[in-house]
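With the hints as your guide, set chain B onto chain A.
There are 2 protein chains.
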Amino acid sequence: MSRKVEVCLSPRLVDRFDISNRIVVVTDVLRATSAMVAGLANGVTAIRPVETVEASAELRAQGYLAAAEREGQVVAGFDFGNSPYAFMKPEVNGQKIALTTTNGTRAIALVAAAPLVLIGAFVNLGAILNFLAHRNEDVLVLCSGWKDNFNLEDSLFAGAIVAGLRGPEVSNCDAGVATALLYEQLKGDLFGAIQQSSHYQRLAKMGIEEDIRFCMQRDVFSVVPMLRAGEIVL
Amino acid sequence: MSRKVEVCLSPRLVDRFDISNRIVVVTDVLRATSAMVAGLANGVTAIRPVETVEASAELRAQGYLAAAEREGQVVAGFDFGNSPYAFMKPEVNGQKIALTTTNGTRAIALVAAAPLVLIGAFVNLGAILNFLAHRNEDVLVLCSGWKDNFNLEDSLFAGAIVAGLRGPEVSNCDAGVATALLYEQLKGDLFGAIQQSSHYQRLAKMGIEEDIRFCMQRDVFSVVPMLRAGEIVL
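Chains as they are written, first to last, in our numbering: chain A, 16 to 249; chain B, 16 to 249.
With the rest of the complex left out, here is chain A (with noise of 0.2 Å):
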């Protein structure tokens, strides 16, 4: 028997979907999803995705270090937003983060009712094949977009996973079959590719090439984060 791989490319939409029946991976490439697997892969014990800026805030004096991003930048008061970078200092390890962005984190609170709720990216694209590729339930890739729009890497993301799993699968879902043909057709440089998305014209003004640069690398890490009582550890 043939399994669904459904694409979601708005959080807008995801009611389109039923959740109640299978496996979410929720991703928002630049940078929120990226950013949690290279977090959680470099020592960092769990993650916390919150809606707000001041329930990161709060989240302090449980013992968390707080980070929250809005527009592509770090809210003041905060010591780092959603760079992958800052995820992976040495003074990260063994702590716990309270993050808030402004697309990623609201996605993920959207599915949180689903029974298996992935984070995926590029960076661990492989795993998250490998770790789908062994089991049988239908799946669906929830793009976090931009304010609630379509974006380009998210979607490209969602068509790597569509093209990675196809074979007795059928998506039989026009945003899977779309996502995974523009996959097929830009995968040799995902980078040049993501030049054309109005999200690098915004973030490359504020001086952030290199996170983006970083975040369309395929296969960085080997760890399949997972929403557990409401955090994403391994």
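These aren't lab readings, by the way, just hints derived from the structure by calculation.
A hint or two may mislead.
Repeated chains share a single entry, so a pair holds when one copy, or any two copies, can fit it.
[What the hints assert, rightly or not] Pairs of lysine-lysine residues, derived as BS3-like cross-links and limited to a Cα-Cα distance of at most 30 Å, are as follows:
| hint | residue 1 | residue 2 |
| --- | --- | --- |
| 1 | 104 | 19 |
| 2 | 220 | 19 |
| 3 | 202 | 111 |
| 4 | 19 | 162 |
Below, chain B alone, put in the same frame as chain A:
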């Protein structure tokens, strides 16, 4: 100065775009906008898009032919649904038609406040491109989708518009970049491409493959229908 050419992949996302100062091209390739173009090119004098089956039926009293489609089928009690062939029959010549469909007529209602709304499909692609090439206004292509979700055929049409207008214009819209790349990849065999789509599979089961083949043809008609005072006319 370059103009914006943006793509909205689902009616649910249309509030992410400013429609107050741009030309909006609404598309529902399978089959509402293809049928509208076909009808107006073949002597239908006006098409009134309405949101409910009841509204379509009530317009009979005002001299309209009443058409209604739901879930790909002609609604019981109506003479026709949204098959383009029905809109080209001799008996519709010189007539006005009231039409409600699952996706397309709703999408038109969402952007009725824009200064200019055009009705586009592959069957009048060249005419739409030619019209837009002679205006320097910003453009939004609104894909009707399928029940608010992304679909392949409308996205390919949007990509054809972006690809066709490119030159001095910059899309700066990820959906525009993605759909244009997809169109460039698939334009050699649009009917073959669409056979991968969920909508094709839904409609083919109903025996309307001929309709789909018709709708995936480019430049059958040279008309540019537009919305004027609640009616679509030439």
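Okay, the hints, checked on the actual structure:
1. 104 / 19: neither (39 Å within a copy, 41 Å between copies)
2. 220 / 19: between (39 Å within a copy, 20 Å between copies)
3. 202 / 111: neither (34 Å within a copy, 50 Å between copies)
4. 19 / 162: both (27 Å within a copy, 19 Å between copies)
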